[in-house]
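*Asks:* Listed below, chain by chain, are the residues.
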Amino acid sequence: MHETPLFSYALRLADNALILGHRMSEWIGHSPVLEEDLALGNMGLDLIGQARAFYAYAGEIEGKGRDEDKLAYLRDAKDWRNVLLVEQPNGDFAATMIRQLLFAAYAHPLYAALTKSKDASLAAIAAKAEKEMAYHVRHSGEWVIRLGDGTEESHERAQAALDELYAYSTELFESDDVERALIDAGIAADPAALRPEWERTVNHIFSEATLKTPPQSFAQTGGRTGRHSEHLGYILADMQFLQRTYPGAAW
Amino acid sequence: MYTQALNVKDEPAAAGDPVLEARFQAHVDAELKIEPNDWMPEGYRKTLTRQISQHAHSEIVGMLPEGNWITRAPTLRRKAALLAKVQDEGGHGLYLYSAAETLGTSREQMFEQLLSGKAKYSSIFNYPTLTWADIGAIGWLVDGAAIMNQIPLCRCSYGPYARAMIRICKEESFHQRQGYEIMMTLARGTPEQKAMAQDALNRWWWPSVMMFGPSDSDSQHSDQTMRWKIKRFSNDDLRQKFIDATVPQGHFIGLEFPDKDLKFNEETKHWDFGEIDWTEFKRVIAGDGPCNKQRMKQRRAAHDNGRWVREAALAYAEKRRNREAAAKIAAE
Ligand SMILES: [Fe+2]
Ligand SMILES: [Fe+2]
Ligand SMILES: [Fe+2]
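Which chain is which? The protein sequence lines are A and B, in order.
Going left to right, the first sequence walks through residues 1 to 251 as my numbering numbers them.
Going left to right, the second sequence walks through residues 1001 to 1332 as my numbering numbers them.
Among the hints, a few may not be true.
[Unchecked claim] List time: in silico SDA-like cross-link candidates among lysine to any residue, alpha-carbon distance up to 20 Å:
id	chain 1	residue 1	chain 2	residue 2
1	B	K1194	B	M1184
2	B	K1297	A	D92
3	A	K70	B	T1190
4	B	K1293	B	P1128
5	B	K1319	A	E142
6	B	K1120	B	Y1095
7	B	K1229	B	A1162
8	A	K70	B	T1075
9	B	K1319	A	T151
10	B	K1319	A	H155
11	B	K1319	A	H204
12	A	K128	A	S117
13	B	K1319	A	S207
14	B	K1170	B	A1081
15	A	K118	A	A185
16	A	K78	A	P89
17	A	K118	A	A56
18	A	K70	B	T1185
19	B	K1319	A	E153
20	A	K70	B	R1077
Source of the hints: derived by calculation from the structure; they are not laboratory data.
Here the structure is a predicted model, which means the values were calculated and not measured.
Looking at chain B on its own, in the form it has when it is part of the complex:
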């Protein structure tokens, strides 16, 4: 999903070739795409590699909290839909790793960075999925927030990333509708089901609002990434857009948002909202969210337990190559 974790300083603009740089910027300014073999500033390459790989990591870590509920989904239709959704997220991870690989870093290297803790992923996935309603809330809110972030990325200056995003956004909006439909079913169900939906909204609302990252006044990277046309809107603009779109949806199904300051501002035509608890945000990013350790432990376990399988596949491929080569020699 999500570009939220990109809250680190921009790469310093290395003293590059001014002629090439001017040509690059003119290309970007003209809304033309940069392709893998085009010249690009080192900082652009590094910023994109970091952003795309973090996005890819988020997709695959994000498979864990939802994957939790596949075996417990309450109907066969929901089970199939959730399995397909989690599988889609894996597919998103795959396209994004491929897009990042065009910038010169291998998937294996990116995996190592994730598992060593060097690379970040969206910290929304460090929250636990405690009830079935969390599956609705994640689709509705987390995929919903992801779409707000990602639609502008469909116009990102880097061609492979922009193209991956177009494909991904279609699926994310399907996930968002599916999640909302789960919430609606619960909100209109038994009193226990409605309470389950409300509890999920209470727990997921603020973390979802935080997915857009720090307020613009505290953000360290916006200017350069805007000039490079990687980013198009500020964190605060995207957050406001998300809140404006989501609040009426929640009210429509009779749910309350856990924010006593939330109210429609007739002048601005936007929803005003309360103070975001940035200490919690920083704490979760720093590693002390409820599930950071479990998520990384599971990712590492999958990687470690699968090593012998990957080794076997390589060994077999090599044996086969050797046999084919030997057969060819024998035939000559």
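Isolated chain A, as found in the complex:
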């Protein structure tokens, strides 16, 4: 399948947002306190909204009549471009908040950089998303601090979640030829350039939270090119079931 770099790039942004939004939505009605049902719902809605904007744009770039739903509901796992971090299961509340922090602390400077993209559509979507992700950093960061510096149990859980999920953070800062060309053209943001800010943000929070930043271990990567963990298939099975069972129906 030949596709333009810009299409691939928009799809990567969309897939990250949708899969993480889907994960957040799994919490609704089951969270530790009613206020968090609302907060997790808000974050899920932000992410799904971002995904829809990026899908609509990707479909436009492609020009083959694929809309947001065709892109979201009719691709198999190997065609999904999200990073592995966002498809990891919710785990306990600590794992969800650590995952959210690791991602949001990357997405926030990413969207900030994209507001200056030479591609006006990307810049416009990023302008809204940047503000949303700033809230996600704040909210998840506050919880990571509370949990890390809360009770013995919450500290242990937060550290265990961080130890498990940290290996997925390297992938956030990788780039490939698809992105290189766009970076050089001033359209995409260079992921490697986002890393110092990401490190400042998360390390500051981890130190307040009395959590130890794990050593940089083997990096789990592959999502951007369609090599996923086992979890994505189950997400898609749930998400796509109606569209697959009743092909062509309008909902």
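Fit chain B with the ligands to the known structure of chain A by using the hints.
*Replies:* Only chain B with the ligands this time, still in chain A's reference frame:
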């Protein structure tokens, strides 16, 4: 949502202060609001606490059957709308717990009452959501019935409850329209989709009609709550209003109601309807509905699994207070 579960005897009118009571009743009769710090009869406080907390519990238990379908919603627009809807219901729970707290019971206490089974919630949520059409049916019928119940509550004599209801009713009517729109889309879709919509209506119709509670002749609480201006219309009046509003909507999209006695009465200008199966109603309230046990199990699991999180938040807040106090002393 719903005040339906309020089918228990009124609190006996305690021998209170007759002067205060007369003044209270005059205030209510003049359509003035009672506020948290005003004197009120104990029975009024207890009745309202029970009604508002049951309403709050219904909102949060009600998040479960619909929440089921967020991950499976068939389009991204529907997914976002359903997530927002379920989140709204959580917000309703939050306002209502706050309103009930102004009467002197804490949210934690109310939660304990729900989880121990002492407090009820609307038994409509003990029915399962089996297909996507159930999400349409719940919005259309269950939120629709809730609105009928709740619009009069916007004028309830208790200020905090009335104000919460005004805000909630706006959102519920949005949910109702959204649910109806889902049903309409299905009813005008493929034959399978239409069958899905019809099946959902068949399963949700009678439970929705029962949401208004027992017939007035069997209701044990109407008089006192009417005098206190908590309740304004009888169960049967509200039920009739709901049926009259809903039946033409269903017919308009080509769906049939599962009631062979349903027909328009030219004389009364109301829809006559068949016998309600009150044994089923009582059975579900008593705990033997299809999902009572699962719903409570999920609520309990969320509460239990979240305990360490709530404890951590408290422990952290206390550490912080202590550190700030120590820093202040050191600075002096
Ligand atoms: Fe409600
Ligand atoms: Fe509600
Ligand atoms: Fe609602």
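*Asks:* Evaluate each hint against the coordinates.
*Replies:* Hint by hint, here is what the structure shows:
no. : hint              : verdict
1   : B:K1194 - B:M1184 : 9 Å, holds
2   : B:K1297 - A:D92   : 18 Å, holds
3   : A:K70 - B:T1190   : 19 Å, holds
4   : B:K1293 - B:P1128 : 12 Å, holds
5   : B:K1319 - A:E142  : 14 Å, holds
6   : B:K1120 - B:Y1095 : 18 Å, holds
7   : B:K1229 - B:A1162 : 11 Å, holds
8   : A:K70 - B:T1075   : 9 Å, holds
9   : B:K1319 - A:T151  : 10 Å, holds
10  : B:K1319 - A:H155  : 14 Å, holds
11  : B:K1319 - A:H204  : 19 Å, holds
12  : A:K128 - A:S117   : 14 Å, holds
13  : B:K1319 - A:S207  : 16 Å, holds
14  : B:K1170 - B:A1081 : 16 Å, holds
15  : A:K118 - A:A185   : 8 Å, holds
16  : A:K78 - A:P89     : 19 Å, holds
17  : A:K118 - A:A56    : 18 Å, holds
18  : A:K70 - B:T1185   : 19 Å, holds
19  : B:K1319 - A:E153  : 15 Å, holds
20  : A:K70 - B:R1077   : 13 Å, holds
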